[in-house]
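Could you put the whole structure together from the sequences, leaning on the hints where they help?
Taken in sequence, the protein lines are chains E and U. In terms of the working numbering, the first sequence opens at residue 1 and continues consecutively. In terms of the working numbering, the second sequence opens at residue 145 and continues consecutively.
Check before you lean on any hint, since a few could be wrong.
[To be verified] Simulated restraints, written as ranges between beta carbons of each label pair:
| id | chain 1 | residue 1 | chain 2 | residue 2 | range |
| --- | --- | --- | --- | --- | --- |
| 1 | E | L57 | U | L153 | 43 to 53 Å |
| 2 | U | E224 | E | Q74 | 18 to 28 Å |
| 3 | E | L57 | U | V264 | 19 to 29 Å |
| 4 | U | G273 | E | E32 | 17 to 27 Å |
| 5 | E | P96 | U | S184 | 17 to 27 Å |
| 6 | E | N48 | U | I167 | 19 to 29 Å |
| 7 | E | P96 | U | T206 | 46 to 56 Å |
[Claimed, not checked] In silico contact screen, one side only, chain U against chain E (beta carbon under 8 Å); selected entries:
| id | residue |
| --- | --- |
| 8 | R246 |
| 9 | A250 |
| 10 | Y281 |
[Claimed, not checked] To give a feel for the contact side, a few chain E residues facing chain U, derived at Cβ under 8 Å:
| id | residue |
| --- | --- |
| 11 | L44 |
| 12 | V45 |
| 13 | Q47 |
| 14 | L57 |
| 15 | L58 |
| 16 | D61 |
| 17 | L62 |
| 18 | E65 |
| 19 | T84 |
| 20 | T85 |
| 21 | R86 |
| 22 | Y87 |
| 23 | F90 |
Because the hints were derived from the structure by calculation, they are not lab data. Computed from a predicted model, the values in this text were never measured in an experiment. Backbone N, C-alpha and C fix where the C-beta goes; we use that ideal spot for every residue, glycine too.
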Amino acid sequence: MRIAILLGAMLLATQALAIDTGRAFDDPAQQERYERLIKDLRCLVCQNQSIADSNALLASDLRREVREMMIAGQSDDQIREFMTTRYGDFVLYRPPVSPRTWLLWSAPVLLLLGGLGIAAMVVMRRMRAAKADPASLDEEPDPK
Amino acid sequence: MRLPWRFLLPAIAFAGLVVFFIIGLQQDPGRIESPLIGKSAPAFALESLGNPAWKVGSTDFTGRPWLLNVWATWCGGCREEHETLMAIAAENRLPMMGLNWRDDRALALRWLTQLGNPYVSVAFDPEGGTAIDWGVYGAPETFLIGADGNVLHKHIGPLTPEAWQRDFVPLLPARGGEG
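Next up, the structure:
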């Protein structure tokens, strides 16, 4: 029982997400847009964190930059472009589709099509075998 | 009994994956190619570290190659490379500018007095704004800018005499050429 309570309590614990003390914007819509932007930008000092999660100096500088660009009325694309001209596509957690990332982006579709192709081949072979000799499906083929 | 060739396919695919991972693991993820290479150097004009009334800027050495070294007193790698920077400065081949990044002015000046000053001038960037323009993400970083004002090379991490000879020297104009 005690263990159950402990495990239950663990479920209640959530990750501490806020690195910034205080909000960047009073307007909830702006704040939401700000949070979405900084979650999609990689902190290059600590590469598995976004600049929203990191308390590195550079991350806080980049958050400030994002905030200032938003106040200056820049669009999301302009802000992302600002980052990629300085830090490269690596700074984006969602890299843009380009010749270099074509394989990356198409991999899920390619793998799915490959899997479907193999499945179709297996099914068709079995159907053909079943038509020729319905009993053959009931047992393993005899390797003679 | 012979195995049909298609039973070998998973093994071949696995071997391919292993090769792929070995190549991937040998790359240093800390070194990210700079998108600035071949583009014109980002402009800046900052206070001089030594004298707030002076401006130090990206056009100070227009018309000749120069180095921009990003450093700070809190950066261990900067201490490590300092001797190499002093040696490069002593060669007197091209001017080196320092970009003092997110640092304390008094501490930075003391560092230069104690360890020697390889820089012709040092730009003071306590807010890190210019460092962002240059895509700096970890000091030390050293940029080589060509006579045409384009960034030719970026070195990430402490500069060593080997890296200097290998990556920088071949990009410099021949000694005694243009003077």
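Tested hints:
1. Our hint of 43 to 53 Å for L57 of chain E and L153 of chain U holds, since their Cβ atoms are close to 50 Å apart.
2. For the pair E224 of chain U and Q74 of chain E, the beta carbons lie near 38 Å from each other, so the given range of 18 to 28 Å is not met.
3. Distance hint check for L57 of chain E and V264 of chain U: the Cβ-Cβ separation is about 27 Å, which falls inside the suggested range of 19 to 29 Å.
4. Between G273 of chain U and E32 of chain E the beta carbons are some 26 Å apart, a value that agrees with the proposed interval 17 to 27 Å.
5. In this structure, P96 of chain E and S184 of chain U meet the distance hint of 17 to 27 Å, their C-beta atoms being roughly 23 Å apart.
6. Take N48 of chain E and I167 of chain U: their Cβ atoms lie about 21 Å apart, and the range 19 to 29 Å holds.
7. The supplied range of 46 to 56 Å is broken by P96 of chain E and T206 of chain U, whose beta-carbon atoms lie about 34 Å from each other.
8. Checking R246 of chain U against chain E: minimum C-beta separation of about 6 Å stays under 8 Å; hint holds.
9. Below 8 Å, beta-carbon pairs count as interface contacts, and A250 of chain U has none with chain E, the closest being about 19 Å; its hint is therefore violated.
10. The restraint placing Y281 of chain U at the interface with chain E holds, with a minimum CB-CB distance near 4 Å, inside the 8 Å limit.
11. Interface restraint check for L44 of chain E: the shortest CB-CB distance to chain U comes to about 4 Å, inside 8 Å, so the restraint holds.
12. Hint on V45 of chain E holds. Least Cβ distance to chain U is approximately 6 Å, under the 8 Å limit.
13. Taking 8 Å as the C-beta contact cut-off toward chain U, the hint placing Q47 of chain E at the interface holds, the least distance being around 6 Å.
14. Contact between L57 of chain E and chain U, as hinted, is supported at the beta carbon level, the nearest pair being about 6 Å apart and thus within 8 Å.
15. Contact between L58 of chain E and chain U, as hinted, is supported at the beta carbon level, the nearest pair being about 6 Å apart and thus within 8 Å.
16. The beta carbon of D61 of chain E comes within 4 Å of a beta carbon in chain U, closer than 8 Å, and the hint placing it at the interface holds.
17. This hint holds: L62 of chain E has a C-beta 7 Å from the nearest C-beta of chain U, less than the 8 Å allowed.
18. The interface hint given for E65 of chain E is met, as the beta carbon of that residue sits about 6 Å from the closest beta carbon of chain U, less than 8 Å.
19. At its closest, the beta carbon of T84 of chain E sits 7 Å from a beta carbon of chain U; the interface hint therefore holds under the 8 Å criterion.
20. Taken as an interface hint, T85 of chain E checks out: its beta carbon lies about 6 Å from the nearest beta carbon of chain U, inside 8 Å.
21. The interface hint given for R86 of chain E is met, as the beta carbon of that residue sits about 4 Å from the closest beta carbon of chain U, less than 8 Å.
22. Annotation: Y87 of chain E was flagged as interfacial toward chain U, and the flag holds, the nearest CB pair being 5 Å apart, inside 8 Å.
23. Interface restraint check for F90 of chain E: the shortest CB-CB distance to chain U comes to about 5 Å, inside 8 Å, so the restraint holds.
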